[in-house]
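*Asks:* Chain residues, written in single-letter form:
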Amino acid sequence: MNIHERAWPAEGLTRIPYWIYSDRDVYAEEQANIFRGDTWIFLCLEAELPRPNTYRTSNLGDMPVVVTRDQDGAIHAFENRCAHRGSLLCLKQRGEAREIACVYHNWTYDLTGRLTGVAFRRGVGGKGGMPADSRPDRHGPRQLRVEVFAGLVFGTMSAGVRPVEAYLGPEIAAKIRRVMKAPVKLLGGYSQVLAGNWKVYVENTKDSYHASLLHMFFTTFRLNRLSQKGGLVVSEGGDNHISYSMSADVAGKEYEQAGMRSAQSGYGLEAPELLKSVDEFGDGVGIQILTVFPTFVLQQIRNSLAVRRVVPLGLDRTELAWTCFGYADDDEAMTELRLRQANLIGPSGFVSMEDGAAVGFVQRGIRGADDEESVVEMGGNGTSSEESRVSEAAVRGFWKAYRRHMSL
Amino acid sequence: MSLRPIDIESRLAVLDLNARYVEAIDEGRFEEWTELFTEDGHYRITTAENVEQGLPLPIMYATSRAMLRDRVKALREANIYEAQRYRHMLGPPRLEPAEGGLRARVNFMVARVMHTGDTSLFATGCYLDRIVLAGGAARFAEKNVILDSRQIDTLLAIPL
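So the sequence lines, in the order shown, correspond to chains A and B.
With positions in the first sequence counted from 1, the corresponding number in the numbering used here is that position plus 16.
With positions in the second sequence counted from 1, the corresponding number in the numbering used here is that position plus 905.
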């Protein structure tokens, strides 16, 4: 069925039809209208291009791209596709190069993505080669518009999308600057491959309601308080969000108490040093999860800092790529603290491993249910900011933005 | 200080330790798994990509047996994941003498078998271990699990 013959449920943002996760035409339109449309896609940290003449590969949805820092230090991004036969230009995830040569027929490019050489263009010994009026550069890899905001590299195929800061909105921009407050030191990365549609994971990151219900680690070890203060901020238009909660006690007493409790009564952590944290932002916020439409996540869970990229690999397969970082001026003890807290996140994360599985549970659960719909009514039917995190306002915000981009 | 060559008893002790290690995990006896480490034993899972870039990020990381027990308790009581089991196949250890014991390098492959029957090659890589031998018992003072791939399918709940 053509997707524009599909009808969104009459209830609006409180109903999500399940065909949205399983329709091949929807997937194809998303690639054009969202990932190559009027959005900014997070490509990498600026710190991943540490010197002039470095590159790394990334994605705009399922389109492969190369991000480079040229010899003058400027950042560029372009399609990872040779002008000639469409082969990938960069095969490695990262590297150093003054020029990029396609391995197939050795056509060469500078780090701005401009075609600089065609092998045997004039033939050999006066024979072969290309006609003199041939213009292979007209088929070169398409250039992305690139902006670096607070150390984050964003790219877009859109000529019309607003500059990144306006796209983010003032509240989101301020909370990105809060985490990206100083030069970054990379700690490493890994990926999870999730058995579900990319939107199911994105919804999970916007779903502040599930946190204490699916992730039982803090509750089981009695490390949180039931009424930790926090809130939910949804940007105008619904595109971007922040969910945050205050640390019950960021000065370290909580961690000592956890130790005492475990000694006295058999619950709590035997080794509470796992959770030892410092209030490095000086505002008492223990957790801040921030998303930017469509697929960027910036995470602060205590002192565990990470960016996550959500990359669709097909209708029901998604890569979740994590890059974790600290700051350039972290001392050895601070780095060690961040590495211990890395136990909280990623594929083995005490408070994140369930998310990887939940995506698959939804994708498996909705087979054969194209005509059914999910109910997203926690916190009403709006998409505005709230004090309560027992709300699906940010999930509804995502669908509001999604429907606008998809004309659905 | 010159290190003594590795005697046959030590080699057998390492083989026995590795056999007990995979049996404890594959049979789901995770509490026994923690006992194969020294009290201040280190356990770390990371990827070859991070190691090659000189980046320290772990996927799992513990700096004491108590932290390993917390990991097991979380697996038993807190974390939610579908029922699954592993089957490890290990290669022979290559041993080098080290102060207080031995260093070992062992290749592994792990199949993950889900409760549904779905079976996949879940992880390959090598263990870089430091083993101490005391009173006839061998224990891990350090175990670094270096995964060949940077990708994990869905989640990595049970230790490798």
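I should point out that these hints are in silico values taken from the structure, not numbers from a laboratory.
Keep in mind the model is a prediction, meaning the values are calculated, not measured.
All C-beta atoms in this analysis are idealised placements derived from N, C-alpha and C, irrespective of residue type, glycine included.
Wrong hints could be hidden among the right ones.
Taking lysine-lysine pairs in the DSBU-like style, the calculated list, with each CA pair at most 35 Å apart, reads [unchecked claim]:
(1) A:K416 with A:K191
(2) B:K978 with A:K292
(3) A:K108 with A:K245
(4) A:K201 with A:K191
(5) A:K201 with B:K978
(6) B:K978 with A:K108
(7) A:K143 with A:K191
Computed beta-carbon distance windows for the label pairs [claimed, not checked]:
(8) B:E987 with A:P66: 49 to 57 Å
(9) A:Q109 with B:E936: 37 to 45 Å
(10) B:S1054 with A:V391: 14 to 22 Å
(11) A:P66 with B:V956: 15 to 23 Å
(12) A:V119 with B:E928: 44 to 52 Å
(13) B:I985 with A:H121: 47 to 55 Å
(14) A:P66 with B:S1054: 46 to 54 Å
(15) B:R1008 with A:E388: 53 to 61 Å
(16) B:M1019 with A:T235: 20 to 28 Å
(17) A:E388 with B:A1042: 55 to 63 Å
(18) A:V119 with B:S1054: 16 to 24 Å
*Asks:* Does each hint hold? Answer for all of them.
*Replies:* Here is how each hint holds up against the structure:
1. A:K416 with A:K191: 22 Å, holds
2. B:K978 with A:K292: Judged against 35 Å, a Cα distance of about 19 Å means the pair holds.
3. A:K108 with A:K245: 45 Å, violated
4. A:K201 with A:K191: 19 Å, holds
5. A:K201 with B:K978: With a Cα-Cα distance of about 33 Å, the restraint between K201 (chain A) and K978 (chain B) holds, given a limit of 35 Å.
6. B:K978 with A:K108: Distance of about 40 Å is beyond 35 Å: violated.
7. A:K143 with A:K191: 62 Å, violated
8. B:E987 with A:P66: 49 to 57 Å: 40 Å, violated
9. A:Q109 with B:E936: 37 to 45 Å: 39 Å, holds
10. B:S1054 with A:V391: 14 to 22 Å: 38 Å, violated
11. A:P66 with B:V956: 15 to 23 Å: For P66 (chain A) and V956 (chain B) the Cβ distance comes to about 18 Å; the hint holds.
12. A:V119 with B:E928: 44 to 52 Å: 46 Å, holds
13. B:I985 with A:H121: 47 to 55 Å: Holds - the Cβ-Cβ distance for I985 (chain B) and H121 (chain A), about 51 Å, lies within 47 to 55 Å.
14. A:P66 with B:S1054: 46 to 54 Å: Once the Cβ atoms are compared, 24 Å apart, the range 46 to 54 Å for S1054 (chain B) and P66 (chain A) is violated.
15. B:R1008 with A:E388: 53 to 61 Å: At roughly 57 Å between Cβ atoms, E388 (chain A) and R1008 (chain B) fall inside 53 to 61 Å, so the hint holds.
16. B:M1019 with A:T235: 20 to 28 Å: At 26 Å between Cβs, range holds.
17. A:E388 with B:A1042: 55 to 63 Å: 58 Å, holds
18. A:V119 with B:S1054: 16 to 24 Å: Holds - the Cβ-Cβ distance for V119 (chain A) and S1054 (chain B), about 23 Å, lies within 16 to 24 Å.
Hints 3, 6, 7, 8, 10, 14, counting from the list given before, are not met by this structure.
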